[in-house]
Each structure stands twice: as C-alpha cells, then as structure tokens.
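Engineer: Protein sequences, first through last, are from chains G and Y.
Residues 1 to 184 in the UniProt record's numbering are what the first sequence lists, from first letter to last.
Residues 1 to 430 in the UniProt record's numbering are what the second sequence lists, from first letter to last.
Hints are computed from structural coordinates only; laboratory data are not their basis.
Everything numeric in this text was worked out from a predicted model, so none of it was measured.
Just so you know, even glycine gets a beta-carbon here, dropped at the ideal spot from N, CA and C.
Misleading hints may appear alongside valid ones.
[To be verified] One-sided and incomplete, this derived list gives chain G residues near chain Y with beta-carbon spacing under 7 angstroms:
no., residue
1, Leu50
2, Ile53
3, Glu57
4, Phe152
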Amino acid sequence: MRAPLRTWGASRIGLAVVLTVLWIETTATDQITIPPFTHDLNGWCFVPTLTAIALAEPLIDRSPQLTELGVRSPLLLALARLALVWTGGAAVVGYCWWSGDLGRWAAPYVLLFLAFATAVVAALSSWYWLPLLPLVFVWLQVSASGFPGPDFAIPRWQVATAVAAAWLAYAVSIAVRDAAQRRQ
Amino acid sequence: MALRAEWLGDRRARLIMFAALLGVGTASIMSRGTRWLGSWKLAIDEVGGSVFLVGPVAAALTCAVYVRLQQAQVDELLSQAARPWRGWTAPALGVWALASCAVGLLAVVTTVAARIAGATVYPQLSWVMLPALLVLGAEVALGALVGTRSQRYWVVPWVGVGTFLLFLLTRFHVIPVVFDTGPTSGELIGETFDPPWFVYQSVAAIGVATAAISASHTHLLQRSSVAWKAFLCLSATAALITLAFIRPPVDRYRPAPTEADVCYPEHPTVCMTEDGHRPLLDIVGKMVSLARPLIEAGVRLPERFVPIESTSAADPHTGILSFQDDDQLARSVDEEMAAESLATPRLCAAYSSDDPRVLPEVYFSVYNTLVLWLLVQAGDKSPPTDGSTATWWALAPEQQYAWVRTTYAALSDCRLNDLVRPQAPEARLR
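Here chain G stands alone, though its shape is the one from the complex (with noise of 0.2 angstroms):
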C-alpha cells in the first residue's frame, strides 16, 4: 500500500499541511499592505486559496497507463485519490478550528475552496491551478475586508452541499473519462 499512497501524493499532501500550519503559526494575526489592496491582509487571507491549490493536485491521475492495467476500477482508484485530498483537507481544517476564534472563521472557506479545485480539477485535470491562481487574486481582494470574521460567516448546509457537489463532478467526471477510454 505504501507505493501507491506514495504515488499518489501522500507526501504533498502532508508537506501541504505542515507548510499551512507554519504558515498559520507565523503569519496569521500579521498584518500586511499589498497596494493592488485597499485594506490590510493578514495571513489567514491567503490560507483558504493555497492550501486549495496545494492540496487539490494529488486529484490528478498522473499515470493513466498505469490505472488503465490496474486490477481494481479506475474509479475506486479515484474515490480512494479524493480520500486521500480530503483527508489532508481535513487535517487542515481540523487545526483551523482548533486554533481560536479566527480560525472557526476561516475553516468553512478551506473546505469551500477545496470544494471549487476539487470541481475544477474534474473539468480541467492537470490545467485547474490556471484559473485558480488568478482566483488567489479575487479572494484576497474580497477577503482583505475583515476576513476572517462575522462578515463572512456561511451556513453549513452551503459549505457541505459545495463540497458534496464536488465530490460527485470529480466521480461523475473520472467515470465519464473512463466509459470514454473504454469505447475506444
């Protein structure tokens, strides 16, 4: 088993994390002026889109000749790749909400960005950090207004149906790739 998890990213995945919480423990409450942005950033404003990028690209199936003559389906391979992603995610997560009031704030947008690479990442494999990059931009120019805090507070039945979404384009997508190789 350790081949594969290994193939698979699940070193990434942990470098990610520990890179995020580093990255939460220096930087978090600091505030700093990036003139493109009217207001002040603190760390926690770059956290939800990077580990998002980070953590979203072990989804990609680097190796597709190899899934091809694998024994077990492409898609239980891909379910496993997803669990893999989103344990990391939950790693992430888990250590936002547990570090303080700031972080409860922050923790539903980590899951709700990985919720949107983990979709982009089905409709564009190995090309999703193009638009997610730029989207870094976006979210910091929104954020810089008083995230993380009250304002940006979002039901959880949004967050968990984002995420459930994405969970079902990444399969649907991966099976619809699969049934389309088959038919070749």
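For chain G, the structure is supplied; the task is to place chain Y on it using the hints.
Structural biologist: Below, chain Y without anything else, positioned relative to chain G:
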C-alpha cells in the same frame, strides 16, 4: 535553433497562454478601478505591478513546458544538435517573450488611455518597465529550473504558488527588493521612481535568471557558447555581490515636485501639479461657484489654490487644495472637497507641527463651521437647528458676513489663536 516555439504548444495553445497572461495582468491593473487614468506615472507603475500575478502564471507555464521536455527526453535529442544550449533555453525565452508582450501591450493601452484622459506624459520614465520584465524573466527561469529538475507535473501549481510567495516574502522584507515590482498604494504625485532601487533589482534579477536557467541543465550548459558562460559568470557574480554586500534601497519612489503647475485662471485661480491634474476643470467650476458668497461677504481670497505637493504650496496668498483618498486622480470631486479647499486659504506651519499644542482646539470647530457655511450657502446642506451655534445659523447671511470675514482673514494670516466660534449678537449680550 533546434528547439523553438513549438515546444510551447501549437498556435492555439500559445494564444490561450497569451490570453491567460493578459487576463491576469488586466485583473491586477483593474483591481482598484481606473484611478491610474489620472496619472501617467501611476499607469506605468500599475503595469509593472501586474508582474506580481503575471510572473507566477508565467513561471508555472514554463515549469509545465520543461517537465514535458524532460519527460520526452528532448535534452538527449538536443545534445546531438549544433547549438544545444540555445535550443534548451528557447522555450523559456518563448514564455518570457509571450509574458513580456502581454505586459507590454498592457503598458501601451494604459499609458495611452491615461494620455487620452489628459495626463501629462513622461516618456523618459518608460525605463521602469525594464526591471519589471527582468523580474518576470527571473521567475520564468525559476519555473524552468524546478520543472527540469523535478520532472513531475505536480510541481507546476507549486511553482505558481511558490513564486507568488516570493513576492509576498519581498513585501514582508524577508527577501530584499528583488521580487517587488510595485505598484504603489499612493498617487505618485510629486514623486518619481528612484533609480538605485531599480538598479539593485535588475542586477539581482538578471543574476537569478541566468543562474536558474543555467542550473536547470548543467550537462547542456557545458556545451553553451563562451559568450554565454562569460555572461553567466558576470551576472551571477554581480548579483551575489549586490545581494551580499550592498544595502538594499529602502523605497522605490523619491519625492520630485514638478516645477510647472497647470493653472486655470479664474477667481480664484486653481493650479494642480503637472503630473496629476485630471479633476482641475471640475474643481475650478465648483470652487468658483462656492466662492461667490465669500466674495459677497467681502473676503479677500488667496491669489490661487494649489495642491500640497506643489512647490509653491508654502507661498503666502496661496490656498491649499484639500484632497482626500483618490480625489486627485478622479475625473470629478465632491462639493465638500471644494469647500474644504476654500476654507484653507494658507498652509500654516501649525497644521503639520509635531507639537499638538501649536494648533488651538478652536481651529477644528471654526474650520468645520466655515466649510458647512459654504455648503449651506450653495444649498448642498441645511444649517443645524440645535446646538450652541443654532441662533447664529438662524441669522440672515448678511449678519453672518462679519464672522466669515474675520475668520477668513485670520486663516489667511495663520493667526489661529484669534479664531472664535460664531455667536449670535443676542447671545453675546447675555
């Protein structure tokens, strides 16, 4: 050239890349609206600043291209060619050229738009684009290095995030100067670009770029031309010396008041600095109409009003235009700004003194009353009906003239201790 643009993909792929780079650059420039229309210097500064977003995207694209090159083992093919190093660097140069074209196009569009909006053009400052493009080159080269060495597609988004973090770390002052291409949060009025900053940045960026691209494939580097090897040694040494021994400059901008003001002769005459005078006509119109009751009251207006950045701001008989936020860059200002300017007929030393006792407390309420009086006369605001000054506000304008006249004279002469709050005649008797 054994390896050319085809490694960037077909024409459609190159077009998409260009559109993506142009798109993120535009998003960066438009992020705070079109305030840069008010100043040519600000427009070109915003374009340089767009590299903070164009750079990471370009670096990630380069990384993806070089992962593909490595996975297809193109380097082995290249080592048979006549000029392997030139072929190896061509894709990186290609991405850099695409990104530079996108940034260049944005520079042309924004500066021409600013010119059309009436901004004074400073072609001699166009050189600031060069350091920004060099930083872009350094980021592209880092993308090529990571892509080649890792040979894994998963690093691509990490390169994007990583180069963005390099920019953030420069902002945090962890890395000196190198990846910070602006833009400013100010207006750049009465300021200009400070060359030492850009020289430091350029030398460091060229060093990082040549070192990174050279380190990407040392085997092919050995077969590069002598000229390239010499350039690599020179630029890397220069960058090392700069980063290790020269103290990084503190600021990208330095004060540079423009000698010439753009004036509109009216009563009162209003002047703005040459490098930012977009709302001049609007201000003149509003100030002239707001000044009418002052003139009727027998007030002697200053000869002209200038912004604080003007070289003549401290002259006697010169009022100060009181701009807030981005007023100076906008096409129009609000009545309140015009009234506040009229209520500042001279730049008194007390306004900017470090000692708060120099500015008497009464000044603030007198100033606010005068501003309100001007707006009330223009019909923009209604007079207060309660409070200690309500009886004064209830008087006919002619009966208020005396206070306005003495107050304005005291403000014009900076006799701030002579200022008094308005009082109705009855109240004074009691």
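Engineer: Against chain Y, with CB atoms and a cut of 7 angstroms, does the hint on Leu50 (chain G) hold up?
Structural biologist: holds, 6 angstroms
Engineer: Holds or violated: is the Cβ of Ile53 (chain G) closer than 7 angstroms to a Cβ in chain Y?
Structural biologist: Hint holds; Ile53 (chain G) Cβ to chain Y Cβ min 5 angstroms, cut 7 angstroms.
Engineer: Using Cβ atoms only, decide whether Phe152 (chain G) comes closer than 7 angstroms to chain Y, and label the hint accordingly.
Structural biologist: Where the cut-off is 7 angstroms and the nearest Cβ of chain Y is about 20 angstroms from Phe152 (chain G), the hint is violated.
Engineer: A closest beta-carbon separation below 7 angstroms is what the hint needs, so does Glu57 (chain G) meet it against chain Y?
Structural biologist: For Glu57 (chain G), the interface hint holds, since the closest Cβ of chain Y sits about 5 angstroms away, which is under 7 angstroms.
Hint check: a violation occurs at hint 4 only; the rest are consistent with the structure.
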